[in-house]
Amino acid sequence: MIIGKVIGNIHSTIRHPFYGGRKLLMVEKIETDGAPASGYLVAIDRAGAGAGETVLVLDEGNGARQVLESKDGPVRSVIVGIVDEINESKTP
Amino acid sequence: MLLGKVIGTVVSTQVYEGLQGVPMLWVQPLAKDGAEKGAPIVCADGTRMAGPGERVYYEGGREAALLLDPWFVPVDHAIVGIVDGVEAPGWKGGPA
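Those sequence lines, one after another, are chains A and Y.
Okay, so the first sequence: first residue is 3 according to this note's numbering, each after it adds one.
Okay, so the second sequence: first residue is 9 according to this note's numbering, each after it adds one.
It is possible that part of the hints are untrue.
Covered stretches of chain Y (chain A as the covering partner; in silico rule of three or more C-beta atoms under 8 Å from a C-beta of chain A) [claimed, not checked]: (1) 13-21; (2) 51-63.
Here are some chain Y residues the structure puts well away from chain A; computed CB gaps all over 10 Å [to be verified]: (3) Gly26; (4) Val30; (5) Pro48.
Simulated from the structure, these hints should not be mistaken for lab results.
Model, not experiment: these values are computed from the prediction.
Just so you know, even glycine gets a beta-carbon here, dropped at the ideal spot from N, CA and C.
Work out the full structure: start from the sequences and follow the hints.
Laid out in C-alpha cells, this is it:
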C-alpha cells in the first residue's frame, strides 16, 4: 500500500459498468516528509475520504478486487483507509 | 488509473482474436496538474464512446485486459471512463 494525499474529485458519467456509482478521487503520492512527490493516481474511494486527507491506497489488482468483492473487476487502485497519524522511527 | 487526453484514433484491421471492433485511441498521459506528461500511448476504448479532445481515465497492466468484452484480450492500456470534470486545485487540463 502507499500513502497519498487526496487532491481532487473526478466527475464522470460515461464509465465502465463496474465503476458505476463509485466515487473516484485523485491521490497525490507523497514523500516520507509529506512533501508532494511527482506521481498521482485515480482511485476508487472505499474509506469515505475527502480533499486534503492523507489516505492509504491499495494499488494492486487482486487485493483491490477482494476489497470490492469482485472476481473479475477491472480495478487496481482503491483507497482503503484514512491516515490519522504516521510515526517515523529514527532508530537505526 | 491515470488521466489522459485523447489526441487521435488508431485504425487497425488485422488484429488479434478478440480485438475486432475494439476502438483504439491515441492518448496523451496527463500529470496531476493537467499538463501533458510523457509519451503518448495507444489505449483500447472500454467505453467505446471516447473521441479526440476528450479527457479520459485509463487503467494499465493486467486490469486493462479485464475491462473489455470479450474478456482478457491482449491489451496493456484501456480507457475506463470519460471525464466530465476534474475538481482539483491547480488543475488546468480541462475539459473546459
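Exercise for the section: Hints the structure violates: just list their numbers, smallest first. Expected result: Of the numbered hints, just 1 does not hold.
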